[in-house]
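Asks: In case you want the letters, here they are:
Protein chains: 2
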Amino acid sequence: MLAARRINPLFRNIEKTVKNYDRHVSTGSSLLSMDVANEPDVPKMVTDIPGPKSKQLIKELAQIQNVGAVHFFCDYDNSHGNYLADVDGNVMLDLYTQISSLPLGYNHPAIINAVSKPENLSTFVNRPALGVYPPADWVSRLQNALLSVCPPGMTKVQTMACGACSVEHGLKAIFIKYMNDQRSGEAPSMEEMDSCRVNKAPGSPPLTILSFDNGFHGRTMGALACTHSKWLHKLDLPQPDWPVVRFPDLKYPLECNTAENKAEESKVLEEVEDKIEEYNKKGLPVAGIIIEPVQCEGGDNFASKEFFQGLRDITNKRKIGFLVDEVQTGCGVTGKFWAHEHFNLTDTPDVVTFSKKMLTGGFYQKESFIPKEGYRIFNTWVGDPGKIALLEEVVKVIKEENLLDNVKVTGNYLLSNLEQMQTKYPGILSKARGLGTLCAVDFPDAATRDKVIGYLRAKGVHTGACGEATLRFRPTLLFQNKHVDLFMERFDDVLSQVKK
Amino acid sequence: MLAARRINPLFRNIEKTVKNYDRHVSTGSSLLSMDVANEPDVPKMVTDIPGPKSKQLIKELAQIQNVGAVHFFCDYDNSHGNYLADVDGNVMLDLYTQISSLPLGYNHPAIINAVSKPENLSTFVNRPALGVYPPADWVSRLQNALLSVCPPGMTKVQTMACGACSVEHGLKAIFIKYMNDQRSGEAPSMEEMDSCRVNKAPGSPPLTILSFDNGFHGRTMGALACTHSKWLHKLDLPQPDWPVVRFPDLKYPLECNTAENKAEESKVLEEVEDKIEEYNKKGLPVAGIIIEPVQCEGGDNFASKEFFQGLRDITNKRKIGFLVDEVQTGCGVTGKFWAHEHFNLTDTPDVVTFSKKMLTGGFYQKESFIPKEGYRIFNTWVGDPGKIALLEEVVKVIKEENLLDNVKVTGNYLLSNLEQMQTKYPGILSKARGLGTLCAVDFPDAATRDKVIGYLRAKGVHTGACGEATLRFRPTLLFQNKHVDLFMERFDDVLSQVKK
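Keeping their order, the protein sequence lines are chains L and P.
Under the numbering used here, the residues of the first sequence are numbered 23 to 522, in order.
Under the numbering used here, the residues of the second sequence are numbered 23 to 522, in order.
I should point out that these hints are in silico values taken from the structure, not numbers from a laboratory.
Keep in mind that a hint or two might mislead.
One copy or two, it doesn't matter: identical chains are merged, so the pair holds either way.
[As the list claims (entries may be wrong)] DSBU-like cross-link-like pairs, simulated, lysine-lysine; straight-line CA separation at most 35 Å:
{"#": "1", "residue 1": "75", "residue 2": "430"}
{"#": "2", "residue 1": "75", "residue 2": "394"}
{"#": "3", "residue 1": "504", "residue 2": "297"}
{"#": "4", "residue 1": "252", "residue 2": "341"}
{"#": "5", "residue 1": "139", "residue 2": "521"}
{"#": "6", "residue 1": "222", "residue 2": "284"}
{"#": "7", "residue 1": "297", "residue 2": "66"}
{"#": "8", "residue 1": "394", "residue 2": "304"}
{"#": "9", "residue 1": "75", "residue 2": "289"}
{"#": "10", "residue 1": "66", "residue 2": "421"}
{"#": "11", "residue 1": "418", "residue 2": "81"}
{"#": "12", "residue 1": "38", "residue 2": "521"}
{"#": "13", "residue 1": "394", "residue 2": "66"}
{"#": "14", "residue 1": "297", "residue 2": "222"}
{"#": "15", "residue 1": "284", "residue 2": "303"}
{"#": "16", "residue 1": "453", "residue 2": "252"}
{"#": "17", "residue 1": "289", "residue 2": "394"}
{"#": "18", "residue 1": "418", "residue 2": "38"}
{"#": "19", "residue 1": "252", "residue 2": "388"}
{"#": "20", "residue 1": "522", "residue 2": "504"}
{"#": "21", "residue 1": "222", "residue 2": "339"}
{"#": "22", "residue 1": "66", "residue 2": "139"}
{"#": "23", "residue 1": "222", "residue 2": "304"}
{"#": "24", "residue 1": "284", "residue 2": "339"}
{"#": "25", "residue 1": "297", "residue 2": "252"}
{"#": "26", "residue 1": "77", "residue 2": "388"}
{"#": "27", "residue 1": "327", "residue 2": "421"}
{"#": "28", "residue 1": "289", "residue 2": "38"}
Given these sequences and hints, build the entire structure.
Replies: Okay, structure coming up:
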């Protein structure tokens, strides 16, 4: 086995990189993950996308499952840093990074190291039922990977497998807390225990969660009930009658439209209060509010810190839960580790969910939102220590290489470039906006946006869409100004082509 | 990195085992995973459970999350085959195996091999968004790991991260199919597309799923709506009004009570039909039925193949979906790869969900249950190719070592021993039952059952509970008669102690 590993050329290449990386780290020399390990200087495009090999594989996969969402097949052995290789030999600068789920890009030496470390071997080989039989190093892993990056004021964390499960169980924590308050902490009645088993009140009370139009929180039934971005996610599925309020419709640039935006946000906060009253009155009490710090899937919609402060105040006043869903906004992409740190809330959120770049799902929560009994927030695996072992390394790299600073620098550079481009192409681009590298710009319509994404890809830059006509940027935490320059050069070319 | 691996004594031990195992495989010599690699001959108990080190770690973990379900902390480096080691140096024969989720026990050489193979490295390092950017080897991995063990007649599979997500998306496939039939395959209306985004009809129709009392299907909102085993799973959570029918209450041994059981099952099938009529009439149409082949969490409740044939016939007659949830019953534990293969159904189920021993979540489905559009059964990761790489090895071992035969042999031996023990302790044991090694026996009450589990653990055998007063057996696929003997000796001791 080891012999084979030594012979494999891919591995030899990677092994050398890891050794060089280790040397850099141990000598403390400045590095942005060795400026990013093994990545090429420029994209290389040799076929259309999808190329012939991708097309063949898509045809084969179509015999097994729906392939409507498959863009192309990838060669992960040959993907490095910010560059994604496909099976046809194309190598693209990746600004979408697996739907925003790669903190350190492809084949990062620190992650290769974590997978290869002998002391991690049994972690990857034996997946335990973490809620019952945790491994000896579980507490220290939770401390290194998750508690060391806790949102300010929070100290409790629960792991889960993915984003949707994290939202589902975060909502459950809110419902359980709400009913515990209703019972003033007393034990449930026999009637409650019996009725809940067959989905009946009083054990299963008709509680609701207030969410925002265009929000996205996942695709399982509870998370989906709070999701309102695209019909494709929701059509034909039974959904509960839960309150939905519109998200503030702000004018950009935000700093030039403060008065108007403030008025809009005040109106929405009033609508939130009215909606809560309406649902409480009709016997569907609102137990909590769920919101993304930036609506991502719904179109990269921003709101001000005053708006989020207002929501926190409403939920505290009414003694209902406040869940901030950081699945896409967490792990440093806004220049702070958690996007809601930008809001200076008077009190921490009650639940903060995460996944994607965190490599594991899960949620932070206030102590008062942890159910008293075991087995209530639970499933067989409740996460995967293998993912926490990788996250431990990611967090270490983020800290050692000051990647939050890198995100701020690159993010500012990206946004100012987008604003310049918007000035140059006023009929095509609008609403350039962003926080850290979580940036976006709008097109007149989906057709133009999609055409631009196609042209960009042909030039070796892979980007993603969101909302109705938005282009979103979701690069790695190792994305740098030189990558922005490379993108902008191609973006300019494409826009001048589209303008004609 | 490699140097470190060679020096680490744990790894040296494992490396030797893997080499020996490879030699066995390559020479084709008979092996039950080298009779099981590195496991001790007998348990070794040195402290109470939880021991002092476990207690300390539980105290530390309690600062971070609820620990109400934590039994003890484990030393996975020193766990082998059917034997689980804890952090206090106790080594137990494990008949519960991480809530039934270990196909080949601890530190199996084939899984170590899969984690260490150089050609798998990038699979563990780069987790892709599988639904959009699958890796080059994805089709072949799906074929080796999942299609090569398809339930008879099924050819389509969708991966997911865990059991609950698999059930959630399996139900979604059923709802989408039902509404597609209602529209005779026509495109949805604008009204449907708009209304579903805010949880309203007609886009979000009030469809329901019929499930069985005492069933367990997961803890996210849709899966939980079909779960009716314990109040702890459900209390305080809003749940839809979906139809629930009791599961047949059979008399054991089944072969001695056929007439009575048949009558009971016919009655339940009638109740299913009545319940569907009732819900259809009150405007909550039943789009499908979900059921476990054996109710596990609910108490290891069996029903006959005629009962399942009856359900399949009802669902086909009414053109509604039939979801067989094999999360705990799949992967060979009943002596066939899928438990529902015992039922000789006239038609395959429409959806078969899996997880646990399969190491990945997911579901098989009929082609007609695959939505036409992409992105409808979807999330960021839709599974994890790292888990499929491990499952590939597991499936290979199951085939090469004829583990289904081993399960049949050991299962028969276990059940006949339980029956003998039941004869010996008539006031304490009842309803010995099982299929393969999925065996169970009942106690007069939960207190007696829990006392026996505690006593067994003190003697070095770790077992699990389910239902009200049931002891369930969930060993690995490498569980052998010698392990049964070792267990029975201790079981006899404990029962004679309890009898006093």
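Asks: Which constraints among the numbered hints does this structure fail? Numbers only, ascending.
Replies: 1, 3, 5, 7, 9, 12, 17, 28
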